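Could you put the whole structure together from the sequences, leaning on the hints where they help?
Number of protein chains: 2
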Amino acid sequence: MLFNKIAIVGTGLIGGSIALALKEKQLARIVIGVSRHKESLILARKLGAIDSGSQDINIIKDADLVILATPVTTIIKSACRISKILKPECIICDVGSTKEQIVSKLTPLIPHFVGCHPLSGSEKKGIKNAFAGLFKNSLCILTPVKNTDNKALTKVKKLWVNLGAKVITMNPKFHDQVLSFVSHLPHLVSFALINSISPSYFRFSASSLKDTTRIAASDSGLWLDIFFSNRDNILRAAQIFEQRVSAIKEALAKKDKKLLRRILTKAKNNRKRLD
Amino acid sequence: MLFNKIAIVGTGLIGGSIALALKEKQLARIVIGVSRHKESLILARKLGAIDSGSQDINIIKDADLVILATPVTTIIKSACRISKILKPECIICDVGSTKEQIVSKLTPLIPHFVGCHPLSGSEKKGIKNAFAGLFKNSLCILTPVKNTDNKALTKVKKLWVNLGAKVITMNPKFHDQVLSFVSHLPHLVSFALINSISPSYFRFSASSLKDTTRIAASDSGLWLDIFFSNRDNILRAAQIFEQRVSAIKEALAKKDKKLLRRILTKAKNNRKRLD
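If you're matching them up, the sequences are chains A and B in order.
My numbering puts the first residue of the first sequence at 1, with every later residue one more than the last.
My numbering puts the first residue of the second sequence at 1, with every later residue one more than the last.
Hints are computed from structural coordinates only; laboratory data are not their basis.
No experiment lies behind these values; they were computed from the predicted model shown.
Careful: at least some of the hints might be erroneous.
Short, incomplete list of chain A residues facing chain B, as computed with Cβ under 8 angstroms [said to hold, decoys possible]:
(1) 204
(2) 206
(3) 240
(4) 244
By construction, the Cβ of each residue, glycine as well, lies at the ideal position given by its N, Cα and C atoms.
Structure follows, in structure tokens:
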């Protein structure tokens with residue numbers, strides 16, 4: 001067993017999937033869950049994801065590992081609260097989509113904190129959509145800094161590998177910059193795109209609109225948090241995106257076929273490198 | 001049999017899939033193919049999509065139905081050429097993604113012309129990706145005008161229903177306006193999005209970027225044609241989209257959480273109506 005007792009704070013899609021995978025792969029003797037939502041805890045128990053659950057954060061006090069799996073701003077708030085009740089040797093990690101704010105606030109506060117970001121979200125949410133295989137073959141970015149405890153880092157890395165993820169490390173600042181482009185910008189674009197189209201046209205749409213806007217159905221609260229916790233990077237990424245849109249518009253307005261062909265060919269070639 | 005001899009001009013993804021479906025459902029006694037690309041004809045024959053093929057357009061002269069399945073500008077050029085060699089009672093239809101230009105040019109030229117647009121493209125191209133089920137449960141928009149021959153319209157409608165499509169009719173002008181939003185804008189956005197991101201970041205991407213940019217791998221020539229044949233509508237749609245991007249940027253820049261939450265919630269609710 002990698003851990004004796006693991007506590008998961010936030011038994012939603014990610015937290016619930018971690019819990020299910022921990023049980024399936026027998027990585028902890030006991031898995032407990034904390035959630036503000038009683039129904040979520042009841043369902044998590046029913047699904048066999050957790051051994052017991054509570055709305056009271058105090059149940060985590062003898063855990064060996066605490067995984068914070070709530071939205072970004074709640075992660076910081078919960079961490080501040082639980083830092084006072086943890087066992088001194090307890091390891092804490094999170095699953096937040098942005099890392100600079102979280103890591104800079106929690107590293108001085110919690111000796112064994114390790115910032116993590118499993119890239120395996122979905123537009124779906126809640127324990128009802130959780131499944132043990134969510135992390136299989138996905139990427140998990142760990143963001144250690146100078147003061148990160150090395151033993152904690154090694155154990156957390158082992159945990160994610162055991163959950164099926166490919167683990168890489170990156171500094172929090174670079175993480176937030178990269179993610180502003182590969183994840184936050186696509187979400188921003190998808191929100192803007194669906195809001196550009198009259199719903200009366202929806203019935204004439206094919207797969208192109210469905211695919212490009214799938215993630216626009218993502219949880220608003222979660223994304224509000226992500227947008228505000230990575231504000232500057234996202235604003236910069238959006239600006240670059242606006243320039244690319246302008247370039248297409250200009251080529252079209254000026255009837256510059258050669259230029260537009262060059263832009264479309266570049267897009268096609270870039271997209272092929274993504275597969 | 002719905003038709004005796006059907007000629008398909010352009011044996012690519014759409015033309016090839018039509019041919020395969022015609023054969024599978026035995027909707028024509030003979031299916032012939034015309035293509036500029038010899039290999040495409042050879043593969044179409046091998047797959048049983050066509051009975052014979054030629055690079056010479058003259059083989060269509062005794063066909064009862066000609067389906068123009070080439071990119072938009074080529075449709076107009078081919079139609080002008082074949083209008084001189086068709087049997088007088090021959091029906092012609094096309095599968096072009098924009099309709100106003102095509103219908104206004106071809107209706108006076110060809111007595112039995114019917115504009116069609118099956119919404120079942122893909123970022124993949126060529127006969128090698130064709131399959132008989134491509135039109136199953138998809139939408140096919142027919143765009144008859146005042147001078148469209150009614151008997152031809154009825155037969156073409158029957159054809160698409162037999163291919164598995166749900167057929168609706170719309171005037172060409174409205175078609176191009178609707179499609180500029182539900183199809184052409186998502187493509188424009190997808191091209192711009194992938195071109196905004198440094199390929200060195202691609203390895204850190206998850207499904208959100210992949211889904212939103214899947215269609216950026218679409219054929220450049222085909223989309224160049226579509227963009228230029230629906231230029232004004234696309235420029236207008238892009239402008240509205242830019243306003244939606246600006247609105248998100250502004251809410252973020254001004255730290256207006258309430259406004260941003262409203263925008264994201266609207267996007268989420270709109271997207272849910274699309275399913």
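Now for the hints, and whether the structure bears them out:
1. Against a cut-off of 8 angstroms between C-beta atoms, the interface hint on residue 204 of chain A holds, since the closest Cβ of chain B lies about 5 angstroms away.
2. Checking residue 206 of chain A against chain B by beta carbon gives a least distance of about 4 angstroms; that is within 8 angstroms, so the hint holds.
3. The restraint placing residue 240 of chain A at the interface with chain B holds, with a minimum CB-CB distance near 5 angstroms, inside the 8 angstroms limit.
4. With a cut of 8 angstroms, the hint placing residue 244 of chain A at the interface with chain B holds, because the nearest CB-to-CB distance is about 4 angstroms.
Violated hints: none; the structure is consistent with every hint.
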